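**Student:** Sequence:
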Amino acid sequence: MVIDWNNVALNAIRASSTAPPIASRALAILQTSVYDALNAIDRTHKPYAVNLVASGNTSREAAIASAAHRVLESIFPGQKSTIDAALASSLSSIPDGIAESSGVSLGRQVADQILALRANDGSNATVNYVNGNEPGDWQRTPPALAAPLLPHWGSVKTFGIATASQFPVSGPPALSSALYAAAFDEVKQLGALNSTTRTTDQTNIAKFWSNGAGTATPPGHLNLLAQKVSIASNKSLAENARLFAMLNVALADAAIACWDAKFDFDYWRPITAIRAADTDGNSATLLDAQWEPLLTTPPFPSYPSGHSTFSGAAA
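Per the numbering used here, the very first residue in the sequence shown carries number 12; after that it's consecutive.
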């Protein structure tokens, strides 16, 4: 049941082309609601946020389905019919009666409380971001020249860590350094659209992990891997609830911390750096005004890597 609703969420993320930080927030709200709803019945662990005690005759499955449904219909209102159908399917396997109705009521209570906790978390804030124009500063990238994605996300209320800057990140190498030149050359050679040095395996790996628009996003991909781990190890309902809650709290905070650092360092993307290499003050880097990357460049600063931050948190 936990994995079933995790998949409902991932499908909603795909269908709405949700951005990775927003997806991570949705998954964290979903899975903490599921965890606290089930824990109100089992009472085996410390609750995440909602400390309720269910009656003895409460369906665990109904509580999970109801909590998940309430969260997802709130976050993805445009997909209500699909989410409603998932609830009907879940409840159809549960006998009608007090246990089912008590579980449904409990799930809604827990989800509503967690949704209320996140209602003013800063995720809908706007900021007047203006990028710099010095070498190394992030610039809008072709072909779309899109506005920066979610420059406010570093100020969103965290789920578990104290602040977005609790774990400081050291900055990227100086543009004039040998380390920068080595990284520049590696990306220029291996990351080019028509690279002659990249192997087929490297191309396939890059595309496998790209998780662009219309996919489950990097956080969603990591949830899919967690599903495989769960199934392979035959985890119980309670173990799954805890696993996915812990995973997605970590991923949501990874997004917040990463975006805080990204818009602090405000570091340019390879396509900008390579096409403007004559401005970086490094004699070891060579300009290529026509350079194109293998993968579409996302519209936000490059450093630190979002994919790496998500993966490190999930591990």
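These are calculated hints, taken from the structure and not from any lab test. From a predicted model like this one, the values you see are computed outputs, not experimental measurements. From the three backbone atoms N, C-alpha and C, an ideal C-beta is built for every residue, glycine too. Each hint should be verified, as a subset may be incorrect.
Derived DSSO-like pairs (lysine-lysine); straight-line CA-CA distance at most 30 Å [unchecked claim]:
#1 K91 x K168
#2 K168 x K199
#3 K218 x K239
#4 K199 x K91
#5 K239 x K57
#6 K57 x K168
#7 K57 x K218
Okay, the calculated beta carbon distance ranges per label pair [claimed, not checked]:
#8 T55 x A127: 20 to 28 Å
#9 S116 x T55: 37 to 45 Å
#10 A243 x T137: 42 to 50 Å
**Student:** Work down the list of hints and note, for each, if the structure agrees.
**Tutor:** Hints, one by one, checked against the model:
| no. | hint | result |
| --- | --- | --- |
| 1 | K91 x K168 | holds (26 Å) |
| 2 | K168 x K199 | violated (37 Å) |
| 3 | K218 x K239 | holds (20 Å) |
| 4 | K199 x K91 | violated (45 Å) |
| 5 | K239 x K57 | holds (26 Å) |
| 6 | K57 x K168 | holds (21 Å) |
| 7 | K57 x K218 | violated (39 Å) |
| 8 | T55 x A127: 20 to 28 Å | holds (25 Å) |
| 9 | S116 x T55: 37 to 45 Å | violated (21 Å) |
| 10 | A243 x T137: 42 to 50 Å | holds (43 Å) |
Checked against the numbered hints listed earlier, the structure breaks hints 2, 4, 7, 9; every other hint is satisfied.
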